[in-house]
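With my numbering, you'll find the sequence shown wraps up at 559, consecutive numbering, no jumps.
Calculated from the structure, these hints are not laboratory results. A few of these clues could be false.
Said to hold, decoys possible - With a Cα cut of at most 25 Å, we get these calculated DSS-like pairs of lysine-lysine: (1) 527 x 500; (2) 308 x 535; (3) 400 x 244; (4) 297 x 400; (5) 369 x 334; (6) 527 x 326; (7) 369 x 341.
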Amino acid sequence: MEPSSAFYKSPLIVLDFQSLYPSIVMAYNYCYSTIIGRVQTLKLNDNEIGATKHDIPYDLLELISDYVNISPNGVVFVKKELRKSILAKMLKDILDTRFLMKDTLNALSEEHELINMLDNRQGVLKLLANVTYGYTSASFSGRMPCSDIADSIVQTGRETLERAIDIIESTKKWGAKVVYGDTDSLFVYLPGKSKHDAFVIGRQIAEEITKQNPKPVELKFEKVYHPCFLVTKKRYVGYSYESEQQKIPKFDAKGIETVRRDGTPAQQKIVEKALRIMFETTDLSKVKKYVVGEFDKIITGRVNIQDFCFAREVKLGHYKSDKTAPPGAKIAMQMMEEDSRTEPQYKQRVPYVVKMGKMGETLTSRCLSPEAFLRSKTSRLDYTYYIVKNIVPPLQRFFQLVGVDVMEWYTSMPQTFKMLNENLGESKHKGKSLTSIVKGQSCLRCRKRVHPTSISRVCDDCKLDKSNTALFLLESIRLKESKMHSVLKTCQTCSYKFHKDAMIPPNQIALKCQSKDCPVYFSKFKYMNGLKDNDMRDLLVSTIDLDY
12 MEPSSAFYKS
22 PLIVLDFQSL
32 YPSIVMAYNY
42 CYSTIIGRVQ
52 TLKLNDNEIG
62 ATKHDIPYDL
72 LELISDYVNI
82 SPNGVVFVKK
92 ELRKSILAKM
102 LKDILDTRFL
112 MKDTLNALSE
122 EHELINMLDN
132 RQGVLKLLAN
142 VTYGYTSASF
152 SGRMPCSDIA
162 DSIVQTGRET
172 LERAIDIIES
182 TKKWGAKVVY
192 GDTDSLFVYL
202 PGKSKHDAFV
212 IGRQIAEEIT
222 KQNPKPVELK
232 FEKVYHPCFL
242 VTKKRYVGYS
252 YESEQQKIPK
262 FDAKGIETVR
272 RDGTPAQQKI
282 VEKALRIMFE
292 TTDLSKVKKY
302 VVGEFDKIIT
312 GRVNIQDFCF
322 AREVKLGHYK
332 SDKTAPPGAK
342 IAMQMMEEDS
352 RTEPQYKQRV
362 PYVVKMGKMG
372 ETLTSRCLSP
382 EAFLRSKTSR
392 LDYTYYIVKN
402 IVPPLQRFFQ
412 LVGVDVMEWY
422 TSMPQTFKML
432 NENLGESKHK
442 GKSLTSIVKG
452 QSCLRCRKRV
462 HPTSISRVCD
472 DCKLDKSNTA
482 LFLLESIRLK
492 ESKMHSVLKT
502 CQTCSYKFHK
512 DAMIPPNQIA
522 LKCQSKDCPV
532 YFSKFKYMNG
542 LKDNDMRDLL
552 VSTIDLDY
């Protein structure tokens, strides 16, 4: 059932059939050992079942007429009173063992040493039970394919869900509407109801549907979303509550950018924060203020490079040519030219960032490794690409459901940086990054606007107060050096245990670390380049004429 895409302010309850396909096999006795044939082609001789043929003894159908199940697609199976299904026996043992493990897990404390082992084993048993259906339907790679059994399981599952939907929507006292159904779960919307009402109605629905189905088919009440965005099939996000006593909701996302790895950390953080603001306040003006503020940080370069690193899988040797290779693969090739030992493993994720380039330059040619980007004095993030291609699309997908155009938020931002972009080609800005140019337009001490033509980076008011201004700049130098020392000490402490046997001086250990997943790694480069490229002491002397 395709979802009704919308933002749901009232509670949305999630109901889930427990092990639906294995339960159907057990409830209706579906198996290779219990199938007789199709109703429309059933005869005494040469009945086809899959790839085999069999004969039915005379008068057998009359004798067992009260002991057969006919699936929705017209396949006849005998009931368990006559012959119990082999698949049902096997699945019963698997599921009983799994439920025993789950009960044991619930009884143990969180710190118990058996928690992880039992959780892994119950997950394996769940997978084994669920792939039994796949075993019957695998026509090319399977050992015993039988489409009649597989179709019977699927059609019975579909019929079970449709019957549940009819019961839910026809019961007026609940006032419920099913807005999404997926394989074994139902999303039921309760307009105008409270969270407490949702828990009461959810349990009533689960109990009523379970009564209408043969054992062990069971519908379980799982959780309540309040509020929730339902976007497309298998893509939804909301604040979930699993019990009435739960006070703090859980941010629960499925299939969206906050739980995917093909984007950037900045995309994940911005999308999640915007959604949280929407869930907690339902105030679009606050969402807009936050999103536009993040766009402003990206444009001015006040961001952490680590948050803008793409990390894509690299499969060297699997591309048609070097020209068609993705950015990650090309960066890996460049690293291998410098050092062959840096060759990435198959499917290893190689990080890269996108810098600004010339008009008409391809995306691949504008991609750099994070180290190369940090070493460059002139490279700056392509904020247009990151905002328009990476951050706006997921936000647009959500907020267009409430009638908002996120792209219009970006295009309507004040064009305060137009002059800066026009002046980037001038000689006075040559070799400078966007961040340094933007900082150059404001006073180092009070952040007041400084005229673009002014050589000094301190406003006239601060120039008059020389002593305090000099003290402020000296303190800025001290803080930057202190942060640099702290970062290097942290990195050295972490790296020492891995390099203590190597003949490396202690002060060089921190520089050998190559862990790009560590935030200290990027901070280290940031402070090193900041102290090296922008000597604050020289800036202090050139900015203020110290005549005392």
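Evaluated hints:
no., hint, result
1, 527 x 500, "17 Å, holds"
2, 308 x 535, "21 Å, holds"
3, 400 x 244, "22 Å, holds"
4, 297 x 400, "23 Å, holds"
5, 369 x 334, "19 Å, holds"
6, 527 x 326, "20 Å, holds"
7, 369 x 341, "19 Å, holds"
When the structure is compared with the earlier hints, no violation turns up for any of them.
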